[in-house]
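Trainee: Chain by chain, the residues:
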Amino acid sequence: MAESALCVEHLCVDLSGKRVVDAVSLELAYGEVGVIAGPNGAGKSTLLRALLGITATQAGRIKTAGKDLASFDYTQRAKIQSYVPQTSALNAALSVREIVTQGRFARGESTAKSTAAVGRALERIGIRSLAERNYLELSGGERRLSLIARALCTEARIIFLDEPTSGLDIANRLRILALLQSLASENYAILAVLHELDDVMNHADSVTLLRHGKVAYSGPPKDVVTAGHVREIYGVELAENAALGFSLPSGGAS
Amino acid sequence: MPRSRPQILLLLVLASIGSLALGILVGYGDLSDAGMRSAYLELRAYRVTTAYFAGAALAVGGVLAQGLFRNPLASPSILGVSAGASLGAKLALLSGAAVVGGHVAFSPEMLIPLGAFVGALIALGVLMAITRNRPDIIALLLCGFLLSNLFISVGAFVTSLGQQTWELGRAMVAFMLGGVGGAGPRQALLIAAVSIVGIVGAWTWSKHLDLLLTGEEEAESLGVDTKLVKRWCVIWIALLSGAAVAVGGTIAFVGLVVPHGCRSIVGLSNRALIPASALAGGIFLVLCDLVARLVSIQGELPLGVVTGLIGAPTFLYLLLRSRYMGVLRG
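Protein chains in written order, with my numbering: chain W, 1452 to 1705; chain X, 178 to 507.
No wet-lab data here; the hints were simulated from the structure.
All the pointers check out, no bait thrown in.
Residues on chain X that point at chain W, a partial pick, calculated with CB under 8 Å:
(1) K384
(2) E394
(3) E397
(4) S398
(5) L399
We treat Cβ as the ideally placed atom computed from N, Cα and C, and that holds for glycine.
Bound-form chain X, shown alone:
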């Protein structure tokens, strides 16, 4: 039965509350143990909060990238910002290890977010500098692709350097696989604050993004300052995906699958799509993290693997049945 957009958003809010509660109450660790209950609940609350806001940030980053590039297959990673953030985090880990003479005697808790932020910002700066006089989407897309591959290649080299120290190599691999298992209050607060600012900021450009569906020329003739919209959207994408990478490592498919699913429910208007994707992205990642915790193969299943296993076939299914984006019909 079709529902109105406010009803769908309300349902997503309720589902968000339900998923957060489920994420906190379910998992390994006996809650009937009075001595450990508060510790379990506290740790799970940080983890679930981090997963929720990272999912929201990744999903909205996807909506923005798809709107900006007018391509439903776009994702924040095509800007090179995710790869830049990932490289920044690895370099931070490596430099932290180098400072203490090859021993991992640092807390990666804050080094990774800091490195990821710096990496995302540098990637964004390089991207904007290269495309300053080439404001068209294709140039931006190609530069993003180029930068992404460059950062991935350098990142692989940095990972190989990290393998010389067992702990460092393990930390880098864990980061690459993605996960929110080690999230504490700092990560939860960081991703919550950045996500809320980024999502609200992105939402203020939703009408402009709607008009970009018609192409830059038409959007400009209708009153949209497309250069300004692109600049701000790139900033929001970098902020959201950089923060998500900082606290969760490489988590694939959220920015692709969630917006696609939401489009088929709330339609193409970004005014509804951005909040719907934020809520659904949060729910999606909390549930994926729950699966990662409960399916135990030599410890927890990496979150990036869970999102990949769920996300890839879901995305393929949505792609094949899609009727809502004309471009997919070729």
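So that you can see chain W by itself, here it is in the shape it has in the complex:
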């Protein structure tokens, strides 16, 4: 059985007095791509922030890498799990290299010492050529890849991603999804918030479908993303074989 990366039990989160995440339980193993899905306002991003330790929780338990998340301080946490936001709040003209180097903060290294790790992360994501480019001048896909490189540079084995494919064209979307699968094959634990159910079907190992902050269904995508469940949760009909199929050419992940 694969080693557990994340174990969440009956987690509750309130925002402004309203329960946004309600008794959510989920598990994620190393080597797995897990997805949190659900309609807008279902509590996906709040759940992700709670798992990161950024948002306070009201009840429940989060075990990360076998230990209670609350037992870690900020730097310990950053060595265990990393985060790729949907869009970075960065408003300064830093280079991609500087952004990726931020991933070494928790290691307490000098910039010179972190050079090798930064180089490895850039190489792994295939964006070495972007290293000296201004982050603010990159395309949406390149920005997303830079933030994934920063997450990799932390050397944390658990990576949380908030809607990593939103707003991207089909090629970049597939590239990012293929990259996540590739990282999972290297024994990273990946947990992403995704909206597109066809992506969930094709690229996830497990999915937790939320509705009104509660887990409606969870398990392998083929068991969760069914016509009945989609109708119940989203109020739409799942059209069989209606979507166009796309795939990357061989080696397209880079």
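Please build the complex by placing chain X on the supplied structure of chain W, with the hints as guidance.
Mentor: Structure of chain X alone, referenced to chain W:
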């Protein structure tokens, strides 16, 4: 020709020495008069030292405020600490006058710094108490703005009370205009000690501030305890700007212009930006004070007026040509 950061810092150190020497050697008063030379040099040394460290403190206060609020237009004054310090100094002057029955028979030399420190600390205390459960930057910013306006309004009232005594009113107006003309050894020592402690203290948080550029959520996910960083940065800002107000009164634009200029030379990393701004802020205020001394209009030109006249157009120019802060491009 582009230079490395250590080279730029070295150049700024040399320029600092040059500006200090210039500030001491140039000015009214004949240095060839053997009897007066040492007195002139001593007085100018206190004045120039005070100007240098006040400039350094104001500039680093600006760097910290801009980093903390992720806004290149932020300055220590938006926390309300400068206004609080200014109000504290005016109240100290007023209470000093009241104690001796309306006569200005006190030395404002130590009353002003004491009042400014107390004012800055009270402003900081009120700010932190209000924002205790609202740690986000926007809440802090709005509370700072509110407090600043409150202190300015009360300060104007205190100034009007001070006008009832001619000497007191004049002292308050002189304080409002800003200047280091009356600086002695106590002021020089005070601002030097506080600036060095504050700047070194601020520098230890430089990497944390760099990560705050990405926003609080991301910074926390990367291992930054943002609440702790904010708390300490607020303390350093209060200390530095409070001390600068105490010895120099209201001196505008240093905390805005100097960090902006330095960013375009050394980049955004606070590890280099904080020492560069400290050195450049010191040079800037020493030279402004020199101009204030040499341009004589009914006595010296107030230092706050000089920094305003130089600072406002410089800031506007930097703002218009700025390419280094994405936020300025809208």
